[in-house]
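Per this note's numbering, the sequence shown starts with residue 23, numbered consecutively.
Among the clues, some could well be false.
[To be verified] Pairs of lysine-lysine, DSSO-like flavour, derived with a Cα cap of 30 Å:
(1) 298 with 40
(2) 157 with 40
(3) 298 with 157
Just so you know, these hints were derived from the structure itself, not from any lab.
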Amino acid sequence: MTGTPDLSEVGDWIALLKPRVMYLVVFAGLIGLLLAPGSLHPALVATAILCIALGAGGAGAINMWYDRDIDAVMRRTARRPVPAGRIEPGAALGFGIALSVASVLILGLATNAVAAASLAFSIAFYVFVYTIWLKRRTPQNIVIGGAAGAFPPIVGWASVTGDITLEPLVLFAIIFMWTPPHFWALSLWAHADYERAGVPMLPVVSGARSTRLQILLYTVALAPLGLAPWALGFAGPAYAAAATLLGLGFLWHAWRVWREPQDAFGHSLAGDAAAKRTFRYSLLYLALLFAALPLDRLVSP
């Protein structure tokens, strides 16, 4: 029928925003908002969250535009709207730029310049430092580029306070340290995709055995870092208990990845089952760890 919206086309434009990534970004930004001293009008809170979502989505669309060549040869990404030909590359780029610019301008007008600058820096870091510079050049792409995904708590905090203090920087550090074991677990069972596309992810460059060790080492560093909010006095014992249990769980999963049956090159003989479970657990870990922060304030005296 003429005039009836094509829902599949709408779905393609939504897919450009990388909604699964956006959910975690928005959640981390919300936690920053909730933890910040002071308050915002509910309408401004909603606006700040919307801007964080639009900024993340805009950066994701630009990423899909730039990576359309490698996305086309990777099984996980070949059906994305741009490499599949359902959205023109120029349209995706324009969409991403428009969302990115709008998110920064609106956040600045609705809250303050510090929050807007933090959001702008996170978008620029993801696009220029990670996507364009690091991703195709170094196996440290995830380590350094992970900073882009660690900014949402800072943006949320600054939206309320207009400044950046130790608390949001600690949350930044937790996400920064969480990113490598999270993505390297994924890259273990998707290494063939990255190799086919010429992306120098750690398993492709250094091998699966080295990647397993790095996952374990980063998780060993992450587990105590998760206790930093309690150690620094801005979270209570309920959070400390949750962080301890979640950290031990992550360590157990990382150990299982290290000890998973392997061939001489470190490739799994069990279908990378441990890596897949670790990837899924890492998402749960970060969500529950951050959720424990505002919940701790409700139950702690």
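Outcome of the hint check:
no.	hint	result
1	298 with 40	20 Å, holds
2	157 with 40	17 Å, holds
3	298 with 157	22 Å, holds
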